[in-house]
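*Asks:* Protein sequence lines, in the order shown, are assigned to chains A and B. Following our numbering, the numbering of the first sequence begins with 1 at its first residue and continues without gaps. Following our numbering, the numbering of the second sequence begins with 289 at its first residue and continues without gaps.
Bear in mind the hints are in silico, worked out from the structure with no lab data behind them. Hints may contain errors.
Said to hold, decoys possible - Facing chain B, according to a computed beta carbon distance under 8 Å, are these residues of chain A, among others:
id, residue
1, T100
2, V158
3, R167
4, Y212
Unchecked claim - Listed next, with one range per pair, are the computed distances between beta-carbon atoms:
id, chain 1, residue 1, chain 2, residue 2, range
5, A, A273, B, A467, 36 to 42 Å
6, B, R426, A, S62, 54 to 60 Å
7, A, E7, B, N398, 57 to 63 Å
8, A, S62, B, R505, 54 to 60 Å
9, A, R220, B, A416, 24 to 30 Å
10, A, A273, B, D313, 44 to 50 Å
11, A, G147, B, D313, 46 to 52 Å
12, A, L97, B, A405, 31 to 37 Å
13, B, E406, A, W19, 39 to 45 Å
14, B, S492, A, R277, 35 to 41 Å
15, A, S62, B, Y304, 44 to 50 Å
16, A, R220, B, D495, 38 to 44 Å
All C-beta atoms, glycine included, are put in the ideal place defined by N, C-alpha and C.
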Amino acid sequence: MIELLLEPFSYDYMLRAIWVSALVGGACAFLSSYLMLKGWSLMGDALAHAVVPGVALAYLLSLPYAAGAFAAGILAALGMTFIRQQTKLREDTVIGLVFTTFFALGLLIVSINPTAVNVQTIILGNILAISDSDVVQVVIITVVSLGLLILKWKDLMVVFFDEGHARSIGLPVTGLKILFFTLLSACTVAALQTVGACLVIAMVVTPGATAYLLTDRFGRLVILSVTISVVTCALGAYISYFLDGATGGVIVTLHTLAFLAAFLAAPRHGLLAARRRTRLNAAAGGQG
Amino acid sequence: MSAAPLIAVNNVTVTYPNGHTAISDISFDLRAGTICGLVGVNGSGKSTLFKAIMGFVRPARGGIRLDGMDVRQALKSNLVAYVPQSEEVDWNFPVLVEDVVMMGRYGHMNMLRIPSAEDRRKVDEALARVGMSEYRKRQIGELSGGQKKRVFLARALAQEGKIILLDEPFTGVDVKTEAAIIDLMRQLRDEGCLMLVSTHNLGSVPDFCDEVVLINRILLAAGPMQTTFTEGNLARAFGGMLRHIRLEGGALHDDADPRRVTVITDDERPLVFYGQSEEQKIVAGNGAKEGRGEK
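Excised from the complex, chain A in its bound form (with noise of 0.2 Å):
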């Protein structure tokens, strides 16, 4: 038994799938804290499909995949800034129109060069068939990523909570509000590896929801939030090994399960919690 619970470890590949499974997690986690505070987890999902035509090209070019995802997320939000500010469409419209068209440009690339790249790799991630210089780029990418982030999380949450008390204090909000996005870019790339472009919203929403339950402290609501997806993104790398399913599907699965289990159970603003309370009311109501 015990021998067949160690067996992925007896893996390169699994080990590494589990490795970089948590960091790619760690730091789409830090970012999903701020991220669904804003109303802005839909970002999430538009850069993971935007950077699929530029994924595509790279591939192609035999360029690291990463510059290409880059520019293609960097041309997406400018195209998005672009079209909200000479038109009045609402910001979901623009959204969709503009995530919808980058998407489809990309499958066009990917389906009349099949040989550049699998459609399947970059919709569906594989970190299992991960090749070591895209692990070395999704390292440099979450490392320098985690990095300014713990250096800088307070004064981006003070720009999240409150843009003129941050501007107030001689904050430079453009520039942070620029670092977020080229962060959270750049985190998605290395996240479609993981889990795949379909998968990466879960990647950048859900542990800061899950946390957000759980706390009424944002420092506390980020070390959470990193906790539950460093550890749901290593135990579904390792669990896909013995389901032989796919890694990005067993991942956010864990990560619903792990929302769910918060929902239900949290202590303050869970089902259970809201009911207890209700009865106690009620009881001190009859009482009274």
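Starting from the known structure of chain A, fit chain B onto it as the hints suggest.
*Replies:* Then chain B, alone, in the frame of chain A:
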């Protein structure tokens, strides 16, 4: 008196990227130890002026100097504290009352924003001063309207800015809190702070302001309360936006007394009593002449 005014607004024009000019050619000076009301209708450019003072928007023409410095420098040296409108705040944000007040100290901390003993002491003081010490561990969304306002006042206190900008501080606040806020502003004035208070609550302006700035895209009037907050200037500031009720002649007197009462109000129709205590008569009823804005 200090040589340079704390706020010097000089011929400021702000045009947004879409070509809309929100304010043009606005100039006024304000000195330390003043409470100044910034009065105008919605869309008159009050918030644009605030944004310009905080460097959110850059004037297309003219300039703003704060205590002799340009805006960016002034913000870096923690000169300006900002108390936002309640609607602007995300009350579901996972922060406790004391976390918000601590944000006021960030400008005084090093790059990692790790609070010192002094920072903690200033937060305690600020919370005590607005009477919110016992609520310090509450999440901000769990507070009442007046308590919410006080948290942000405490943050401004902890920040120790000499200029405090308050955006509609009396909206959604009960009468008791309003009195407490006014009291606090008076104390701060005596300590040498300058407060610029945007409001459309005309009735309370004479209660607490020393000076007023009336704007409607352009500067209509600026100066001491007594000489500036006049019927004529208000009529120009608000145009047709206000109910303007004048009571005179038969509605007020039984003789030929030419004196009159003027009531200006922004939304609700006022109830005005006049006369001896026991037999007051309602004068702002049907008999009163009512006009919209016209003098």
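*Asks:* Are the hints correct? Go through all of them and say.
*Replies:* Taking the hints in turn, this is what the structure says about them:
1. About 27 Å separates the beta-carbon of A:T100 from the nearest beta-carbon of chain B, more than 8 Å, and the hint is not met.
2. Satisfaction of the interface hint for A:V158 is found here, the shortest Cβ-Cβ separation to chain B being roughly 6 Å, below the 8 Å cut-off.
3. Taking 8 Å as the C-beta cut-off, the interface hint given for A:R167 holds, the closest approach to chain B being about 5 Å.
4. For A:Y212, the interface hint holds, the least distance from its beta-carbon to any beta-carbon of chain B being 6 Å, beneath 8 Å.
5. Roughly 38 Å separates the CB atoms of A:A273 and B:A467, a value that falls within the hinted 36 to 42 Å.
6. At roughly 57 Å, the beta carbons of B:R426 and A:S62 sit within the given window of 54 to 60 Å.
7. Between A:E7 and B:N398 the beta carbons are some 49 Å apart, a value that contradicts the proposed interval 57 to 63 Å.
8. For A:S62 and B:R505, the hinted distance range of 54 to 60 Å is satisfied, since their beta carbons lie about 58 Å from each other.
9. In this structure the hint that A:R220 and B:A416 lie 24 to 30 Å apart at CB holds, the actual value being about 26 Å.
10. For the pair A:A273 and B:D313, the supplied restraint of 44 to 50 Å is violated, since their beta-carbon distance comes to about 58 Å.
11. The hinted window of 46 to 52 Å between A:G147 and B:D313 holds, with their beta carbons roughly 48 Å apart.
12. The hinted range of 31 to 37 Å is not satisfied by A:L97 and B:A405, whose Cβ atoms lie roughly 53 Å apart.
13. Checked against the hint of 39 to 45 Å, the C-beta distance between B:E406 and A:W19 comes to roughly 42 Å, which is consistent with it.
14. Taking the beta carbon of each, B:S492 and A:R277 are about 39 Å apart, inside 35 to 41 Å as hinted.
15. For A:S62 and B:Y304, the Cβ-Cβ distance of about 45 Å falls inside the hinted range of 44 to 50 Å, so the restraint holds.
16. At about 43 Å, the beta-carbon gap between A:R220 and B:D495 stays in the expected band of 38 to 44 Å.
Checked against the numbered hints given earlier, this structure breaks hints 1, 7, 10, 12; the rest are met.
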